[in-house]
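S.K.: Chains as they are written, first to last, in the numbering used here: chain A, 1 to 256; chain B, 257 to 572.
These are calculated hints, taken from the structure and not from any lab test.
We put the beta carbon where it would ideally sit given N, CA and C, even for glycine.
Among the hints, a few may not be true.
Straight-line C-alpha distance at most 30 Å; calculated DSS-like pairs for lysine-lysine [stated by the list, open to error]:
#, chain 1, residue 1, chain 2, residue 2
1, A, Lys-102, B, Lys-275
2, B, Lys-357, B, Lys-331
3, B, Lys-351, B, Lys-331
4, B, Lys-510, B, Lys-489
5, B, Lys-331, A, Lys-102
6, A, Lys-102, B, Lys-489
7, B, Lys-357, A, Lys-102
Sample of chain A residues at the chain B side, in silico, Cβ under 8 Å [to be verified]:
#, residue
8, Thr-5
9, Thr-7
10, Pro-8
11, Pro-10
12, Gly-12
13, Ala-16
14, Gln-18
15, Met-25
16, Tyr-98
17, Gly-99
18, Lys-102
19, Arg-103
20, Ala-106
21, Ser-107
22, His-143
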Amino acid sequence: MSTGTFTPAPGGAPLARQVLAQASMEARLMARNGEQLLLAVVIPVLVLIGGVEGAKHVSITGISQRPVDEFAPGVLALAVMSTAFTSLAIATGFERRYGVIKRLGASPLPRAGLLLGKVGALLIVETFQVIVLALVGLALGWHPHPGYLGAILGVILGTSAFASLGLFMAGALRAEATLAAANLVYLLLMAGGAVVLPPSAYGAFGHVTEYLPSGALGNTMRSAFQHGDIAGGSLLVLLAWTVVGTVATMRTFQWE
Amino acid sequence: MPNSPAVEVAGLVMRYGDKTAVDALDLRVERNTITAVLGPNGAGKTTTLETCEGYRRPHEGTVRVLGLDPINDRKALIPSIGVMLQGQGAWSGVKAMEMLKHIARLHANPLDTDMLADRLGLGDCGSTPYRRLSGGQQQRLGLAMAVVGRPEVVFVDEPTAGMDPQARRATWELLSELREDGVTVVLTTHYMDEAEKLADHIHIVDHGRMVASGTPIELTRGGTATIRLVVTKPFPEGAPASLQAALGPDIEVKPISDTSLLITGPADHTTLATVAAWCEQQGVLPESLNLGQRNLEDVFLELTGRGLAHTAGDTR
Numbered sequence: 001m002s003t004g005t006f007t008p009a010p011g012g013a014p015l016a017r018q019v020l021a022q023a024s025m026e027a028r029l030m031a032r033n034g035e036q037l038l039l040a041v042v043i044p045v046l047v048l049i050g051g052v053e054g055a056k057h058v059s060i061t062g063i064s065q066r067p068v069d070e071f072a073p074g075v076l077a078l079a080v081m082s083t084a085f086t087s088l089a090i091a092t093g094f095e096r097r098y099g100v101i102k103r104l105g106a107s108p109l110p111r112a113g114l115l116l117g118k119v120g121a122l123l124i125v126e127t128f129q130v131i132v133l134a135l136v137g138l139a140l141g142w143h144p145h146p147g148y149l150g151a152i153l154g155v156i157l158g159t160s161a162f163a164s165l166g167l168f169m170a171g172a173l174r175a176e177a178t179l180a181a182a183n184l185v186y187l188l189l190m191a192g193g194a195v196v197l198p199p200s201a202y203g204a205f206g207h208v209t210e211y212l213p214s215g216a217l218g219n220t221m222r223s224a225f226q227h228g229d230i231a232g233g234s235l236l237v238l239l240a241w242t243v244v245g246t247v248a249t250m251r252t253f254q255w256e
Numbered sequence: 257m258p259n260s261p262a263v264e265v266a267g268l269v270m271r272y273g274d275k276t277a278v279d280a281l282d283l284r285v286e287r288n289t290i291t292a293v294l295g296p297n298g299a300g301k302t303t304t305l306e307t308c309e310g311y312r313r314p315h316e317g318t319v320r321v322l323g324l325d326p327i328n329d330r331k332a333l334i335p336s337i338g339v340m341l342q343g344q345g346a347w348s349g350v351k352a353m354e355m356l357k358h359i360a361r362l363h364a365n366p367l368d369t370d371m372l373a374d375r376l377g378l379g380d381c382g383s384t385p386y387r388r389l390s391g392g393q394q395q396r397l398g399l400a401m402a403v404v405g406r407p408e409v410v411f412v413d414e415p416t417a418g419m420d421p422q423a424r425r426a427t428w429e430l431l432s433e434l435r436e437d438g439v440t441v442v443l444t445t446h447y448m449d450e451a452e453k454l455a456d457h458i459h460i461v462d463h464g465r466m467v468a469s470g471t472p473i474e475l476t477r478g479g480t481a482t483i484r485l486v487v488t489k490p491f492p493e494g495a496p497a498s499l500q501a502a503l504g505p506d507i508e509v510k511p512i513s514d515t516s517l518l519i520t521g522p523a524d525h526t527t528l529a530t531v532a533a534w535c536e537q538q539g540v541l542p543e544s545l546n547l548g549q550r551n552l553e554d555v556f557l558e559l560t561g562r563g564l565a566h567t568a569g570d571t572r
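Model the full structure from these sequences, guided by the hints.
M.R.: Structure representation (structure tokens):
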């Protein structure tokens with residue numbers, strides 16, 4: 001048979017290339033979405049500036065460091081939470097609703113590749129967030145005491161824990177319900193989850209917050225950037241949440 | 257499996273709760289053809305297609321595409337098929353060309369996306385976000401996504417629903433060219449003209465059952481058709497009887513006046529040749545010969561007891 005324009009030549013691209021394409025596509029879509037950008041960058045930056053400026057006028061109980069050294073690691077944790085949990089849950093909820101996941105299911109991209117692509121997109125966006133927030137922090141006089149290993153482990157396990165919980169929510173609820181619930185959970189954890197402020201700022205309730213993924217992630221970042229430490233206990237808490245989120249997602253998630 | 261048919265469905269049963277959507281359906285699609293699955297809404301067309309695409313597991317029966325099981329051999333099969341869903345299937349904020357290029361990147365040997373977009377008239381809306389595309393533009397993008405990976409078989413679900421006539425023609429041309437280049441096309445439609453003009457084979461489905469299969473000519477011939485013959489001067493004595501004898505018992509000859517006759521039966525080549533020869537023999541000259549050929553719409557009406565035009569309106 002002669003070769004025409006449409007002569008079949010089926011086949012998937014190499015998996016790495018597919019995952020890269022998916023990750024860059026999803027990262028671009030997140031960056032284009034104003035609402036998600038607000039969540040990813042604007043709110044953490046405002047919290048950081050507001051916290052540091054506010055502490056000049058009001059004393060905040062339960063913090064042992066200079067305000068900027070307390071808040072900067074906290075907003076890094078907040079940024080990871082906003083992307084890995086809220087943005088991912090909302091985006092995935094609407095992907096289900098708009099048949100994107102169904103459509104991709106008919107492409108060579110396997111489901112594992114889709115998940116890897118999502119993780120890649122989260123890491124791209126988080127890298128961007130960390131750079132912006134670190135620059136703002138440094139401009140405000142932040143003196144980090146970087147324990148890179150602890151910080152990197154915190155970002156990875158924090159991303160895993162929040163992403164698995166976000167996917168669980170997106171797979172179990174309708175898109176609109178996911179939108180509402182993911183934002184609500186984000187606000188509740190930001191206010192009461194010991195992510196920006198340390199558990200010691202929450203009085204007796206503080207011990208409970210250490211077992212929340214938000215508090216655990218906040219603690220790993222504070223330990224890493226204030227003392228150069230690896231917060232083993234908090235990392236274990238994040239690992240446990242990852243297991244819970246993954247099992248729940250695997251049991252309930254529906255691609256359509 | 258190079259020798260297996262493109263699609264082979266045997267005894268497929270699909271149920272939604274108490275409702276049987278597909279009821280012991282058999283379907284065979286040969287390679288290198290355009291096959292239309294025609295039927296009203298709720299006939300089970302989309303469900304059947306979705307089992308071929310591996311989205312649904314058959315409740316009973318077997319489904320093979322290119323000789324492979326769409327669920328168990330999914331990984332091997334998926335790159336070889338192209339799928340056009342009935343609406344949606346893209347992020348709301350993605351630009352049209354960006355989406356097409358993304359799907360292309362997932363494949364090893366994709367088509368040139370600019371050429372494809374040009375063929376389908378997507379050039380003007382390439383940087384328009386998906387949510388702002390018209391229904392017809394979304395359909396064309398869906399078709400482009402289905403073929404960009406150079407599949408062996410494409411499944412297109414209601415490809416021209418909501419398209420203007422020009423876009424519909426472009427789509428038909430593209431589907432015909434796909435077949436010429438060796439691609440098998442399976443489409444669902446409830447447009448009679450689409451099936452009749454485009455398809456090599458038509459399967460008419462109703463209530464989840466196959467009610468008729470064949471080429472467009474096979475389906476429209478063989479049933480009741482009429483020929484109205486008018487001649488220039490009155491027939492000789494006993495003319496209707498001698499024509500009746502020449503045509504045989506399957507065809508009814510009814511005199512209408514002394515210069516006209518109504519012939520009811522298959523209006524095929526044989527019948528026409530016999531009528532012409534008889535005219536010559538009788539020394540009469542036909543003034544007019546009107547063929548009331550039944551079309552697919554009539555066939556559908558006979559088979560299902562209802563027209564498609566009435567059911568087409570409520571599709572999404």
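S.K.: Each hint should be assessed against the structure and marked as holding or not.
M.R.: Status of each hint after checking the structure:
For the given pair, Lys-102 of chain A sits about 24 Å from Lys-275 of chain B by alpha-carbon distance, which is consistent with the 30 Å threshold. Of the supplied pair hints, the one linking Lys-357 of chain B and Lys-331 of chain B holds, its CA atoms being roughly 22 Å apart against a limit of 30 Å. As the CA atoms of Lys-351 of chain B and Lys-331 of chain B are separated by approximately 28 Å, the hinted pair is consistent with the 30 Å bound. Restraint check for Lys-510 of chain B and Lys-489 of chain B: satisfied, since their Cα atoms lie roughly 17 Å apart, inside the 30 Å limit.
Pair hint Lys-331 of chain B plus Lys-102 of chain A holds up; C-alpha atoms about 15 Å apart against a cutoff of 30 Å. A distance of roughly 69 Å separates the Cα atoms of Lys-102 of chain A and Lys-489 of chain B; the hinted pair therefore is violated under the 30 Å criterion. Using a Cα cut-off of 30 Å, the hinted pair Lys-357 of chain B and Lys-102 of chain A holds, with the two alpha carbons roughly 18 Å apart. The beta carbon of Thr-5 of chain A comes within 6 Å of a beta carbon in chain B, closer than 8 Å, and the hint placing it at the interface holds.
The restraint placing Thr-7 of chain A at the interface with chain B holds, with a minimum CB-CB distance near 5 Å, inside the 8 Å limit. The interface hint given for Pro-8 of chain A holds, since its Cβ lies 4 Å from the closest Cβ of chain B, which is under the 8 Å cut-off. Here the hint on Pro-10 of chain A is kept, as its CB sits about 4 Å from the closest CB of chain B, short of 8 Å. Hint status for Gly-12 of chain A: holds, given a least beta-carbon distance of 5 Å to chain B, under 8 Å.
A cut of 8 Å between beta carbons decides the hint on Ala-16 of chain A: the least distance to chain B is about 12 Å, and the hint is violated. Taking 8 Å as the C-beta cut-off, the interface hint given for Gln-18 of chain A holds, the closest approach to chain B being about 5 Å. Because the smallest distance between the Cβ of Met-25 of chain A and any Cβ of chain B comes to about 5 Å, under 8 Å, the interface hint for this residue holds. The interface hint given for Tyr-98 of chain A is met, as the beta carbon of that residue sits about 5 Å from the closest beta carbon of chain B, less than 8 Å.
For Gly-99 of chain A, the interface hint holds, the least distance from its beta-carbon to any beta-carbon of chain B being 4 Å, beneath 8 Å. Checking Lys-102 of chain A against chain B by beta carbon gives a least distance of about 7 Å; that is within 8 Å, so the hint holds. Of the supplied interface hints, the one on Arg-103 of chain A holds, with its beta-carbon coming within about 3 Å of a beta-carbon of chain B, less than 8 Å. Because the smallest distance between the Cβ of Ala-106 of chain A and any Cβ of chain B comes to about 4 Å, under 8 Å, the interface hint for this residue holds.
Annotation: interface hint on Ser-107 of chain A holds; nearest CB of chain B at approximately 5 Å, less than 8 Å. For His-143 of chain A, the shortest C-beta to C-beta distance to chain B is roughly 40 Å, which exceeds 8 Å, and the interface hint is violated.
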